[in-house]
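**Student:** Which chain is which? The protein sequence lines are A and B, in order. Take any residue in the first sequence, count from 1 to its spot, add 10: that is its number in the working numbering. Take any residue in the second sequence, count from 1 to its spot, add 25: that is its number in the working numbering.
Any given hint could be a false lead.
Simulated pairs of lysine to any residue, SDA-like, Cα-Cα distance not exceeding 20 Å [stated by the list, open to error]:
#1 B:Lys82 with A:Glu112
#2 A:Lys51 with B:Lys47
#3 A:Lys51 with B:Thr49
#4 B:Lys47 with A:Gly50
#5 B:Lys67 with A:Tyr114
#6 A:Lys51 with B:Val112
#7 A:Lys54 with B:Tyr57
#8 B:Lys67 with A:Val48
#9 B:Lys67 with A:Met49
#10 B:Lys132 with A:Val48
#11 B:Lys67 with A:Pro117
#12 A:Lys54 with B:Arg68
#13 B:Lys132 with A:Met49
#14 A:Lys54 with B:Lys135
#15 B:Lys67 with A:Gly50
#16 B:Lys132 with A:Ser97
#17 B:Lys132 with A:Gly69
#18 A:Lys51 with B:Pro33
#19 B:Lys67 with A:Glu112
#20 A:Lys51 with B:Gly26
#21 A:Lys61 with B:Gly124
#22 A:Lys54 with B:Gly124
#23 A:Lys54 with B:Ser34
#24 A:Lys51 with B:Gln70
#25 B:Lys67 with A:Val99
One-sided and incomplete, this derived list gives chain A residues near chain B with beta-carbon spacing under 10 Å [said to hold, decoys possible]:
#26 Val14
#27 Gln16
#28 Tyr43
#29 Arg47
#30 Lys51
#31 Glu52
#32 Lys54
#33 Phe55
#34 Leu56
#35 His58
#36 Asp66
#37 Ala103
#38 Lys113
#39 Tyr114
#40 Gly116
What the hints contain is simulated information worked out from the structure, not anything from laboratory work. Nothing here was measured: the structure is a model prediction, and the numbers come from that model. We treat Cβ as the ideally placed atom computed from N, Cα and C, and that holds for glycine.
Read off the chains here:
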Amino acid sequence: EAGVTQFPSHSVIEKGQTVTLRCDPISGHDNLYWYRRVMGKEIKFLLHFVKESKQDESGMPNNRFLAERTGGTYSTLKVQPAELEDSGVYFCASSRARLAGEKYFGPGTRLTVT
Amino acid sequence: GENVEQHPSTLSVQEGDSAVIKCTYSDSASNYFPWYKQELGKRPQLIIDIRSNVGEKKDQRIAVTLNKTAKHFSLHITETQPEDSAVYFCAATDIFQGGSEKLVFGKGTKLTVNP
Numbered sequence: 011e012a013g014v015t016q017f018p019s020h021s022v023i024e025k026g027q028t029v030t031l032r033c034d035p036i037s038g039h040d041n042l043y044w045y046r047r048v049m050g051k052e053i054k055f056l057l058h059f060v061k062e063s064k065q066d067e068s069g070m071p072n073n074r075f076l077a078e079r080t081g082g083t084y085s086t087l088k089v090q091p092a093e094l095e096d097s098g099v100y101f102c103a104s105s106r107a108r109l110a111g112e113k114y115f116g117p118g119t120r121l122t123v124t
Numbered sequence: 026g027e028n029v030e031q032h033p034s035t036l037s038v039q040e041g042d043s044a045v046i047k048c049t050y051s052d053s054a055s056n057y058f059p060w061y062k063q064e065l066g067k068r069p070q071l072i073i074d075i076r077s078n079v080g081e082k083k084d085q086r087i088a089v090t091l092n093k094t095a096k097h098f099s100l101h102i103t104e105t106q107p108e109d110s111a112v113y114f115c116a117a118t119d120i121f122q123g124g125s126e127k128l129v130f131g132k133g134t135k136l137t138v139n140p
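If we strip away everything but chain A, and leave its shape as in the complex, we get:
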């Protein structure tokens, strides 16, 4: 099966601009997660979708971040306006089942805010 895909692979934007990241989960995976790794730190949870519904968005850092998953398929994560501290690698992961269903990660989007 095709893996989780993310677009773009890299994005360089200026502070104050807007960026939208996209994640396409594995087909049939209802659970979709967004994580972020800031340079040298741990991978941190941002939010979790079950189909099109937000199950848990406790990790979203502030209201500059907006995630959507229209129709329960692909998801977007928009950062508006971007700040320097938003730089990092944004990972998407999907899983079919709960109860420790394996979470498959995408390759990540490296975001650099200058």
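Starting from the known structure of chain A, fit chain B onto it as the hints suggest.
**Tutor:** Only chain B this time, still in chain A's reference frame:
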């Protein structure tokens, strides 16, 4: 909330030696502990996981041990090979709460296996 500490941050071994990476967690409710391997430029991939009702799990050259009392778990790689070089992340979560099963990660260990 849960907090996961991972040590060491870097580890260099000779090919054929063993490597051990240790993690501690703070939340006694955590009951699922996966390990991910991320090779340079690639996505994190699950290599082994363990649930809290098991003390040890092995898969060929990789093993994970869990000590619930002490709240720590470790990854053991035997007979290391250069292709084991990567960043390894431990994680913890509660899979029975009916929630998101969000993973709380350690900061990662960069393992280098020298030929």
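**Student:** Now, for every hint given, state plainly whether the structure supports it.
**Tutor:** For each hint, the structure was consulted:
A C-alpha spacing of about 16 Å is found between Lys82 (chain B) and Glu112 (chain A), which places the hinted pair at or below 20 Å, so the restraint holds. Of the pairs offered as hints, the one joining Lys51 (chain A) and Lys47 (chain B) holds, with about 17 Å between alpha carbons and a cut-off of 20 Å not exceeded. Taking the CA atoms of Lys51 (chain A) and Thr49 (chain B), the gap is near 16 Å; set against the 20 Å cutoff, the hint holds. Using a Cα cut-off of 20 Å, the hinted pair Lys47 (chain B) and Gly50 (chain A) holds, with the two alpha carbons roughly 18 Å apart.
For the proposed pair Lys67 (chain B) and Tyr114 (chain A), the alpha carbon gap of about 12 Å is at most 20 Å, so the pair holds. This hinted pair checks out: Lys51 (chain A) and Val112 (chain B) have alpha carbons roughly 12 Å apart, not beyond 20 Å. The hinted pair formed by Lys54 (chain A) and Tyr57 (chain B) meets the criterion: a straight-line CA distance of about 17 Å does not exceed 20 Å. A hinted pair counts as satisfied when its Cα atoms are at most 20 Å apart, and Lys67 (chain B) with Val48 (chain A) qualifies at roughly 16 Å.
Restraint check for Lys67 (chain B) and Met49 (chain A): satisfied, since their Cα atoms lie roughly 16 Å apart, inside the 20 Å limit. Of the supplied pair hints, the one linking Lys132 (chain B) and Val48 (chain A) holds, its CA atoms being roughly 10 Å apart against a limit of 20 Å. At most 20 Å may separate the alpha-carbon atoms for a hinted pair to count; Lys67 (chain B) and Pro117 (chain A) meet this at roughly 6 Å. Of the pairs offered as hints, the one joining Lys54 (chain A) and Arg68 (chain B) holds, with about 15 Å between alpha carbons and a cut-off of 20 Å not exceeded.
Between Lys132 (chain B) and Met49 (chain A) the alpha-carbon distance is near 10 Å, which keeps this suggested pair within the 20 Å criterion. Proposed proximity of Lys54 (chain A) and Lys135 (chain B) is supported: the alpha carbons are some 18 Å apart, at most 20 Å. For the given pair, Lys67 (chain B) sits about 16 Å from Gly50 (chain A) by alpha-carbon distance, which is consistent with the 20 Å threshold. Distance restraint check for Lys132 (chain B) and Ser97 (chain A): the Cα-Cα separation of roughly 17 Å lies within the 20 Å cut-off, and the hinted pair is therefore satisfied.
Straight-line distance between C-alpha atoms of Lys132 (chain B) and Gly69 (chain A) comes to about 17 Å, which keeps the hinted pair within the 20 Å bound. Between Lys51 (chain A) and Pro33 (chain B) the alpha-carbon distance is near 14 Å, which keeps this suggested pair within the 20 Å criterion. At most 20 Å may separate the alpha-carbon atoms for a hinted pair to count; Lys67 (chain B) and Glu112 (chain A) meet this at roughly 18 Å. A C-alpha spacing of about 17 Å is found between Lys51 (chain A) and Gly26 (chain B), which places the hinted pair at or below 20 Å, so the restraint holds.
A hinted pair counts as satisfied when its Cα atoms are at most 20 Å apart, and Lys61 (chain A) with Gly124 (chain B) qualifies at roughly 14 Å. For the hint pairing Lys54 (chain A) with Gly124 (chain B), the CA-to-CA distance comes to about 17 Å; that is within 20 Å, so the pair holds. For the hint linking Lys54 (chain A) to Ser34 (chain B), the alpha-carbon distance of about 17 Å falls within 20 Å, and the restraint holds. The hinted pair formed by Lys51 (chain A) and Gln70 (chain B) meets the criterion: a straight-line CA distance of about 18 Å does not exceed 20 Å.
Restraint check for Lys67 (chain B) and Val99 (chain A): the C-alpha separation of about 12 Å stays at or below 20 Å, so the hint holds. The criterion of a C-beta within 10 Å of any C-beta in chain B is met by Val14 (chain A), whose closest approach is roughly 8 Å, and the hint holds. Taking 10 Å as the C-beta cut-off, the interface hint given for Gln16 (chain A) holds, the closest approach to chain B being about 9 Å. Against a cut-off of 10 Å between C-beta atoms, the interface hint on Tyr43 (chain A) holds, since the closest Cβ of chain B lies about 7 Å away.
The criterion of a C-beta within 10 Å of any C-beta in chain B is met by Arg47 (chain A), whose closest approach is roughly 8 Å, and the hint holds. The interface hint given for Lys51 (chain A) is met, as the beta carbon of that residue sits about 6 Å from the closest beta carbon of chain B, less than 10 Å. For Glu52 (chain A), the shortest C-beta to C-beta distance to chain B is roughly 5 Å, which falls under 10 Å, so the interface hint holds. Interface restraint check: Lys54 (chain A) against chain B, minimum CB-CB distance 7 Å, threshold 10 Å, status holds.
Given the 10 Å rule on beta carbons, the hint for Phe55 (chain A) holds: about 4 Å separates it from the nearest Cβ of chain B. Annotation: Leu56 (chain A) was flagged as interfacial toward chain B, and the flag holds, the nearest CB pair being 9 Å apart, inside 10 Å. Hint status for His58 (chain A) relative to chain B: holds, with the closest Cβ pair at about 4 Å, below 10 Å. Of the supplied interface hints, the one on Asp66 (chain A) holds, with its beta-carbon coming within about 4 Å of a beta-carbon of chain B, less than 10 Å.
Hint on Ala103 (chain A) holds. Least Cβ distance to chain B is approximately 8 Å, under the 10 Å limit. Contact between Lys113 (chain A) and chain B, as hinted, is supported at the beta carbon level, the nearest pair being about 7 Å apart and thus within 10 Å. Hint status for Tyr114 (chain A): holds, given a least beta-carbon distance of 8 Å to chain B, under 10 Å. Because the smallest distance between the Cβ of Gly116 (chain A) and any Cβ of chain B comes to about 6 Å, under 10 Å, the interface hint for this residue holds.
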